[in-house]
Amino acid sequence: MTGLIDSASKKKLIVSPIENGTVVDHLPPGTAVKIAQMLGIMGDSVVIIGQNLKSTKFGRKDLIKVEGKFLGEPELNKIALLAPNATVNIVRDSVITDKRQVAVPDCVEKVALCANTNCITNKENVPTRFLIASKSPLVMVCSYCGYETKGEELKLKD
Amino acid sequence: MNFVNRDIVSIKDFSKQDLETIFSIATQFSKNGYDQALLKGRRVGLLFYEPSTRTRMSFDTAAQALGADTVWFAGTEGTSVMKGETLKDTIETVANYVDLIVLRHPFDGSARWAAEITTMRTRRGMPKVPIISGGDGKNEHPTQTMLDLYSMLMTQGRLESLNVALIGDLKYGRTVHSLSYALSMYGTKLSFVAPDMLQIPPHITSFLDRRGIRHSEYSRIEDAVAEADVVYMTRIQKERFPDENEYNKVKGLYRISKSTLSIAKPTMRLMHPLPRVDEISLDADDDPRAYYFQQAGNGVPIRAALLALVMGVCK
Ligand SMILES: [Zn+2]
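Chains as they are written, first to last, in my numbering: chain A, 15 to 172; chain B, 814 to 1128.
Please keep in mind that the hints were generated in silico from the structure rather than gathered at the bench. The model shown is predicted, which means the values in this text are computed figures rather than measured ones. Check each hint, because a few of them may be wrong.
Just so you have them, the derived chain B footprint on chain A, three or more residues with Cβ under 8 Å [as the list claims (entries may be wrong)]:
1) 131 to 143
2) 153 to 161
Some chain B residues flagged as far from chain A (calculated, every beta-carbon gap over 12 Å) [stated by the list, open to error]:
3) V817
4) E833
5) T840
6) M870
7) T892
8) D902
9) V911
10) I930
11) K951
12) T968
13) G970
14) F1054
15) I1076
16) Q1107
Backbone N, C-alpha and C define an ideal beta-carbon position, used for all residues, glycine too.
Given the sequences, and given the hints that come with them, work out the whole structure.
Rendered as structure tokens:
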């Protein structure tokens, strides 16, 4: 198993490592803050956000490190909505103990906004709910108005 | 499926068998008249955030024909809605007064939300108050689709394998979309007649393809009318066009008159969700194939059938 620090130290380490927590990597540039907000980790934890970092795979990428939090399945599924290629590493005592892939869930509740501006969920305080019609490309069908929100028009609740 | 306390929100929630049940009760009402005792002592709330005269009056007529009392508002002028009350609060409140709510609301998805609100009430030990949608924004108008299908059944004697031409604004018209979905259950051949920029959207045609439904697109009315069992006309709205010239170019082309009807089959029936502006000329009204006013009349037995089924007095 490769430790985070070992692999990172070969390059110049821009973003400081964490001891215990979660590293969410390979996020599209410009999405890290949004994703961190969506996950609700901005409040109390130590959060390190890297933006527009060099990536061998994707050119540029964003990255999130959160100390003291181990993200589970529901959070990972939410990440997939904005960053389908994201990878998630769980770090314990500075060693990566678990590598995970994100996956788009079958049903998305509360976090996403319906792209139909006339939808009741955008007009009144109604929690949103979508069924996923297609995972790639992402197409989400609003349970209320039936509108199909596509990945490129997806916005998340603040 | 059991109809008691069922919400009527989307035509997609209904199977062929469900629709058959509704149509057979509507037919009984049409033939034998309405029994005032059926819904005696029941109260129906008609919450019309938009006036929509025909829908409200036909629901009101249907409810009263079965002996129910109705309480209603039409338009939000002078109501608590004008003071900023949310749909949730209005539904929660009115649900205490009535046994069933008919809701017409300008926002898409409002009917589903209202249905969830009265379902959540049952967890607090209160009775479910079913919601029947009278149209939610640009989304759906399920009872209109039901009365359209019923009108086709009444005039053609069947719904299977009809040839239906849909004309006008097919891109934005919700009646056309709901009707296309519903007709796809019956193996209908669909002809879509519209100017290019208002043609039927791809998500509908790809749905029809998946269901193996034959469909064609035309730009001239004459190409579709001769073969059709039903011609379903809708209005083209001026607001859809970037400028007045563009609108003027097409508006004359998508108009039906007595002379257009001369190429149609004698058994063809011309339908329209109403209100009409000038897309069907007045001289067509006297043609025996003109059916739009009777079609609107079918709204009463259909809505009465739904009220009776949902309130559990018919099976
Ligand atoms: Zn929606």
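Against the structure, the hints come out as follows:
1. 131 to 143: holds (count 8)
2. 153 to 161: Holds, because 6 residues of the region 153 to 161 of chain A bring their Cβ atoms closer than 8 Å to Cβ atoms of chain B.
3. V817: Holds: least Cβ distance 23 Å, greater than 12 Å.
4. E833: holds (24 Å)
5. T840: holds (30 Å)
6. M870: holds (25 Å)
7. T892: Per Cβ check, B/T892 is outside 12 Å of chain A; nearest 16 Å; holds.
8. D902: It is violated; B/D902 is separated from chain A by about 10 Å at its closest Cβ, not greater than 12 Å.
9. V911: Label holds. Min Cβ-Cβ 21 Å, cutoff 12 Å.
10. I930: Not fine: 10 Å to the nearest Cβ puts B/I930 too close to chain A.
11. K951: violated (6 Å)
12. T968: holds (29 Å)
13. G970: Per Cβ check, B/G970 is outside 12 Å of chain A; nearest 32 Å; holds.
14. F1054: holds (20 Å)
15. I1076: Correct as stated: the minimum Cβ-Cβ distance to chain A is 37 Å, above 12 Å.
16. Q1107: The claim holds: B/Q1107 sits with its nearest Cβ about 30 Å from chain A, beyond 12 Å.
Checked against the numbered hints above, the structure breaks hints 8, 10 and 11 and satisfies the rest.
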